[in-house]
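Trainee: Listed below, chain by chain, are the residues.
2 protein chains.
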Amino acid sequence: MTFSYVSHLECPKCQAILEVTKIQQLCECGSPLLVRYDLQKAKKHVSKEKIERRAKSLWRYHELLPVTAEENVVSLGEGGTPLEKMPRLGEHYQLANLYIKDEGIIPTGSFKTRGASVGISKAKELGVEQLAMPTNGNAGAAWALYAAKANIKATIVMPVDAPAITRKEVYIAGGDLHLVEGLISDAGKIVGQLVAQKRVYDASTLKEPYRIEGKKTMGYEIVEQFNWKVPDVILYPTGGGVGIIGIYKALKEMQELGWIADNKLPRLVAVQAEGCSPIVEAWKKGETESTFYENSETCAFGINVPKALGDFLVLESLYKSNGCAVAVSEDELLAAQKLVAELEGNFICPEGAATFAAAEKLRKEGWMKEEEVVVCLNTGAGIKYPETVELSNIPTLQPGESIKS
Amino acid sequence: MTFSYVSHLECPKCQAILEVTKIQQLCECGSPLLVRYDLQKAKKHVSKEKIERRAKSLWRYHELLPVTAEENVVSLGEGGTPLEKMPRLGEHYQLANLYIKDEGIIPTGSFKTRGASVGISKAKELGVEQLAMPTNGNAGAAWALYAAKANIKATIVMPVDAPAITRKEVYIAGGDLHLVEGLISDAGKIVGQLVAQKRVYDASTLKEPYRIEGKKTMGYEIVEQFNWKVPDVILYPTGGGVGIIGIYKALKEMQELGWIADNKLPRLVAVQAEGCSPIVEAWKKGETESTFYENSETCAFGINVPKALGDFLVLESLYKSNGCAVAVSEDELLAAQKLVAELEGNFICPEGAATFAAAEKLRKEGWMKEEEVVVCLNTGAGIKYPETVELSNIPTLQPGESIKS
Numbered sequence: 571m572t573f574s575y576v577s578h579l580e581c582p583k584c585q586a587i588l589e590v591t592k593i594q595q596l597c598e599c600g601s602p603l604l605v606r607y608d609l610q611k612a613k614k615h616v617s618k619e620k621i622e623r624r625a626k627s628l629w630r631y632h633e634l635l636p637v638t639a640e641e642n643v644v645s646l647g648e649g650g651t652p653l654e655k656m657p658r659l660g661e662h663y664q665l666a667n668l669y670i671k672d673e674g675i676i677p678t679g680s681f682k683t684r685g686a687s688v689g690i691s692k693a694k695e696l697g698v699e700q701l702a703m704p705t706n707g708n709a710g711a712a713w714a715l716y717a718a719k720a721n722i723k724a725t726i727v728m729p730v731d732a733p734a735i736t737r738k739e740v741y742i743a744g745g746d747l748h749l750v751e752g753l754i755s756d757a758g759k760i761v762g763q764l765v766a767q768k769r770v771y772d773a774s775t776l777k778e779p780y781r782i783e784g785k786k787t788m789g790y791e792i793v794e795q796f797n798w799k800v801p802d803v804i805l806y807p808t809g810g811g812v813g814i815i816g817i818y819k820a821l822k823e824m825q826e827l828g829w830i831a832d833n834k835l836p837r838l839v840a841v842q843a844e845g846c847s848p849i850v851e852a853w854k855k856g857e858t859e860s861t862f863y864e865n866s867e868t869c870a871f872g873i874n875v876p877k878a879l880g881d882f883l884v885l886e887s888l889y890k891s892n893g894c895a896v897a898v899s900e901d902e903l904l905a906a907q908k909l910v911a912e913l914e915g916n917f918i919c920p921e922g923a924a925t926f927a928a929a930e931k932l933r934k935e936g937w938m939k940e941e942e943v944v945v946c947l948n949t950g951a952g953i954k955y956p957e958t959v960e961l962s963n964i965p966t967l968q969p970g971e972s973i974k975s
Numbered sequence: 571m572t573f574s575y576v577s578h579l580e581c582p583k584c585q586a587i588l589e590v591t592k593i594q595q596l597c598e599c600g601s602p603l604l605v606r607y608d609l610q611k612a613k614k615h616v617s618k619e620k621i622e623r624r625a626k627s628l629w630r631y632h633e634l635l636p637v638t639a640e641e642n643v644v645s646l647g648e649g650g651t652p653l654e655k656m657p658r659l660g661e662h663y664q665l666a667n668l669y670i671k672d673e674g675i676i677p678t679g680s681f682k683t684r685g686a687s688v689g690i691s692k693a694k695e696l697g698v699e700q701l702a703m704p705t706n707g708n709a710g711a712a713w714a715l716y717a718a719k720a721n722i723k724a725t726i727v728m729p730v731d732a733p734a735i736t737r738k739e740v741y742i743a744g745g746d747l748h749l750v751e752g753l754i755s756d757a758g759k760i761v762g763q764l765v766a767q768k769r770v771y772d773a774s775t776l777k778e779p780y781r782i783e784g785k786k787t788m789g790y791e792i793v794e795q796f797n798w799k800v801p802d803v804i805l806y807p808t809g810g811g812v813g814i815i816g817i818y819k820a821l822k823e824m825q826e827l828g829w830i831a832d833n834k835l836p837r838l839v840a841v842q843a844e845g846c847s848p849i850v851e852a853w854k855k856g857e858t859e860s861t862f863y864e865n866s867e868t869c870a871f872g873i874n875v876p877k878a879l880g881d882f883l884v885l886e887s888l889y890k891s892n893g894c895a896v897a898v899s900e901d902e903l904l905a906a907q908k909l910v911a912e913l914e915g916n917f918i919c920p921e922g923a924a925t926f927a928a929a930e931k932l933r934k935e936g937w938m939k940e941e942e943v944v945v946c947l948n949t950g951a952g953i954k955y956p957e958t959v960e961l962s963n964i965p966t967l968q969p970g971e972s973i974k975s
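Those sequence lines, one after another, are chains A and B.
Using the numbering used here, the first residue of the first sequence is number 571, and each one after it goes up by one.
Using the numbering used here, the first residue of the second sequence is number 571, and each one after it goes up by one.
Next comes chain A alone, as it looks inside the complex (with noise of 0.2 Å):
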């Protein structure tokens, strides 16, 4: 019984091949690693019906998944999260078949987690005793506690406008937080400094090679919820954008692996807010890397990242499954945070919100047709971002006092 079919790492700018037994940061050339697998073998031994009499964590695809013993894996019960469709919200927009993928249910509150899940547990299976990671909240907050389940001891370095409560989160984790005055980068100068003086492990997005793993299993899901066939169009709130790349690298696996047809891939969109647009500013002058967004600002603090190590791989997705990339304004995210609450009941974060005013976008545009199966994909749960609901109006009564009519 082979728990784990992977093999090598390898670098996908300059095709060097690394162990995957040792630890690695980024390749020599300065690029993110990808995990690769003996697809071949796994496809005779792992089916999808084998699959799905799993549990529903995430750890059911865990053949193809990094993790090479069982005992390592670190789980609280992560993934298998709800895909409902959306009806009286599709009809307003007018796509008979919306659906969202609803990330905001799971351990700590955010999909970050997937990645927590499974770069943890590698980690744990690789010897690291400390690693240190500059985040815009979520993340910090998701590796800070699945660390203290494996008895890592985790450095997280977040801006002081963070979400509040991530900060919490890191902090009855047992975490080692530090704030700073100013953006993720700066963070991440601070990291990098820890790093090179004391030779903690680098947790970083993609200075690892298995956050994409983790975060992969979302395209996995989404398939496998549709019963093995893939949808339409993917709209995907885009920051560092280990996302979409890690569902573009499911579906070319799961392509390899014979589950899917080869023939047709979901177009994957990459949204963003106006206020940091770097990936749709590159889509539109179809370039394979971004420019620093000088100045980014947005509610949808997950997406306020001006420049992805990653940038090249998330373009090249939207590029070979005929995607495209969209920016929306704030008042938009947060009117269609609202309408989401409103029609269907689900309090999403203002991330995830993005993707639905994206998709009104691309519905009126034509880019989408009514009846395309269409999935957003909402990262986090609403109620980890108080600040984007402002109360007006609310009656505060005294005890005896009645509600007037």
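To be clear, the hints were calculated from the coordinates, so they are not data collected in a lab.
Honestly, I wouldn't trust all of these hints.
Put simply, identical chains are the same to the list, so a pair is met inside one copy or across any two.
Straight line, CA to CA, 30 Å or less: simulated DSS-like cross-link-like pairs of lysine-lysine [to be verified]:
(1) Lys-768 <-> Lys-974
(2) Lys-768 <-> Lys-908
(3) Lys-723 <-> Lys-974
(4) Lys-819 <-> Lys-834
(5) Lys-759 <-> Lys-877
(6) Lys-822 <-> Lys-611
(7) Lys-974 <-> Lys-592
(8) Lys-974 <-> Lys-759
(9) Lys-822 <-> Lys-931
(10) Lys-626 <-> Lys-655
Chain B: place on chain A using the hints.
Mentor: Coordinates of chain B only, in the frame set by chain A:
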């Protein structure tokens, strides 16, 4: 294909029988009503194996839920929450088989969602267009969001001290939110007036019979997740007590269905805060009803219920299962919350934390043996309670500074 084997409503106090096809609130005698099913017929047509093959929502138990037509189901993908072993905390407590049932991993981030999904679905089936309810926060949030999805108008009244995020959940759902400068009992009176004047559906705890049915699915799930065996002990944080009433009801139903042995029930433990422990007081005296607990206070807001309408049913479940009732202090529950996060990575709510503090206590007293299978029920996500975590000594750096080691 019968979707539900629901047959009638029954009063557990005066044994009156009522129709399930009409709107019903309390029994004329003042007692909450319980939903009854034709379990003998269900036994013939529903098997454990059939259920295991279904999607992980709580609606997998639909034959044992009160909604008769599938199209009335209002679902956001609730249920199938993780049941995870806690080896490190278990070692600390000397409990070799300690588990968490984590109800924070659910839409709206609290177990109230189960009651809301089933309650709103049945309200929709009964043609309800407007409902009202008092709440300590989480229930109101869940009901407002599910009501929005069902296009039912929801009037929600909550104390100004209820968790701040729950106001925002009601508001974003388009709920008719009112605050009261008082307790949930004051909110209840305001709702009572509205119900009397305007004939809106009263969705107060236990004043409609279907919320219990949603909550009871926790019992079905725990047993199914243990491969249809019952654990030795289930600890439940008890405010209104609907969950413990529901779990006990599920256990009795499963016995009648022949799904579990009829000679062993898990010992049910009602956990309360020392600042609000009416059930503990009643249990100590062997009484069958509780007395209003004056000047109640606890940071575990969801269990600040001085006198529960279903107290007699809660106490019955304790006596009949050879369980007990335990109170823990604020310090004990906050320390347990921190310890759970540090050792196991779960950021749980203060109500859930109370069950862990109680487990430690009952183990020390010898009431539980080291090898017994013990389940602590965490009723919500810690991220909904930022105020329970007080930060101290968090260093703030300037860009370019480095971490002092």
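Trainee: All the hints need checking, so say for each whether the structure fits it.
Mentor: Hints versus structure:
1. Lys-768 <-> Lys-974: between (64 Å within a copy, 11 Å between copies)
2. Lys-768 <-> Lys-908: between (46 Å within a copy, 28 Å between copies)
3. Lys-723 <-> Lys-974: Answer is between: at 16 Å across copies they meet the 30 Å cutoff, but 55 Å inside does not.
4. Lys-819 <-> Lys-834: Intra 14 Å, inter 49 Å, cutoff 30 Å: intra-copy only.
5. Lys-759 <-> Lys-877: Within. Shortest intra-copy distance 14 Å satisfies the 30 Å Cα cut-off; inter-copy 55 Å does not.
6. Lys-822 <-> Lys-611: Cα proximity of Lys-822 and Lys-611: one copy only (16 Å, versus 48 Å across).
7. Lys-974 <-> Lys-592: This pair counts as between: shortest inter-copy Cα distance 28 Å, intra-copy 68 Å.
8. Lys-974 <-> Lys-759: Answer is between; shortest inter-copy Cα gap is 14 Å, intra-copy 57 Å.
9. Lys-822 <-> Lys-931: The answer is within: 28 Å in one copy meets 30 Å, while 53 Å across copies does not.
10. Lys-626 <-> Lys-655: For Lys-626 and Lys-655, the Cα distance is within 30 Å both inside one copy (19 Å) and across copies (16 Å).
Hint compliance for this structure: no hint is broken.
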